[in-house]
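Please construct the entire structure, taking both the sequences and the accompanying hints into account.
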Amino acid sequence: MPHEGILASATQEYAGLGGTSDFYKLTAKAKWYYTVNDDADIIASLSGGAGHVFNTGGQMEVFDQFQLGQNDIRGFERNGIGPRMQNGDALGGTTYFTASAEATFPLPFVSRDAGFRGAIFADAGTLYGNEVDLTYKGTTDTTKGGTGSALRASVGLGLIWASPFGPLRVDYAFPIAKEDYDEVQNLKFGISSSF
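When we follow the working numbering, the leftmost residue of the sequence shown carries the number -7, and every step to the right adds one.
Hints may be right or wrong, so weigh each one.
[Unchecked claim] What follows is a list of derived Cβ distance ranges for each label pair:
(1) F101 <-> V162: 16 to 24 Å
(2) L9 <-> V162: 37 to 45 Å
(3) I168 <-> A0: 24 to 32 Å
(4) P156 <-> P(-6): 18 to 26 Å
(5) A0 <-> Y164: 39 to 47 Å
[Claimed, not checked] No farther apart than 30 Å at their CA atoms in a straight line, the calculated lysine-lysine pairs in the DSSO-like style are these:
(6) K17 <-> K180
(7) K180 <-> K170
(8) K21 <-> K180
(9) K21 <-> K170
(10) K23 <-> K170
(11) K180 <-> K23
(12) K170 <-> K17
FYI, nobody ran anything at the bench for these hints, they're computed from the structure.
Glycine is no exception: its CB is placed at the ideal position from the N, C-alpha and C atoms.
Below, the structure written as structure tokens:
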């Protein structure tokens, strides 16, 4: 449970030395932690991420592109935002941006030794662009939707437990900016482990 500092990463990926995929993918993420109040143990964090995939020749596959959802913008299903086919299937996108602000705090009337914390958060982001050639896939459903860069946003509350099995988390998020074709999922459960 970081109280201060910055965690940042950048990755590059290239495919094209074999197989059908041919692309260059660049992503960057950063998260900043700050202790707002030592006595009350209130920790704030700001995070952001961005990525773009460049088609360097050949056909782009759906899985070559970015997919966003509940881990990036809470309140939406996995692959819940971004370009879609007319039948609703997610296509992924070539560009994404995400941002999040969160504050965590000990629960009142609960011993801090129990490991429970509350959280309030706000997430925002977008996923757009598409390089998949649907006619190449042989589908008759070639209409794409959601290729625009409309911003999605959500706000919510979370409950975190530092369990013996790793951090457990439950979030309830409510989208405040979404598109008609987006797929919403308000409740999210998660577990992680640290090494």
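**CB-CB spacing for Y164 and A0 relative to the 39 to 47 Å hint** = 29 Å, violated
**Hinted pair K21 and K170, Cα distance within 30 Å** = 23 Å, holds
**Message:** 24 to 32 Å was suggested as the range; check whether the CB atoms of I168 and A0 agree with it.
**Reply:** 28 Å, holds
**Request:** Would you check the hint for K180 and K170, treating anything up to 30 Å between C-alpha atoms as holding?
**Result:** Given pair K180, K170 holds - Cα atoms ~18 Å apart, limit 30 Å.
**Request:** Could you see if the CB distance from F101 to V162 stays within 16 to 24 Å?
**Result:** 19 Å, holds
**Asked** Under the criterion that the straight-line Cα-Cα distance not exceed 30 Å, is the pair K21, K180 satisfied?
**Response** 22 Å, holds
**Message:** Against the 30 Å threshold, does the CA-CA distance of K23 and K170 hold or violate the hint?
**Reply:** It holds: about 24 Å lies between the C-alpha atoms, which stays within 30 Å.
**Prompt:** Within 30 Å, alpha carbon to alpha carbon, are K17 and K180?
**Reply:** Roughly 28 Å between the alpha carbons, so the hint for K17 and K180 holds.
**Message:** Holds or violated: the 18 to 26 Å window for the beta-carbon distance between P156 and P(-6)?
**Reply:** The hint (18 to 26 Å, Cβ to Cβ) holds, given that P156 and P(-6) are roughly 20 Å apart.
**Request:** Using the Cβ atoms, figure out if L9 sits within 37 to 45 Å of V162.
**Result:** 43 Å Cβ-Cβ, so the 37 to 45 Å window holds.
**Asked** Is the straight-line distance between the alpha-carbon of K170 and that of K17 30 Å or less?
**Response** 26 Å, holds
**Message:** So if I understand the rule, the pair passes when the alpha-carbon distance is 30 Å or less; does K180 with K23 pass?
**Reply:** Distance of about 21 Å is within 30 Å: holds.
Taken one by one, the earlier hints fail for this structure only at number 5.
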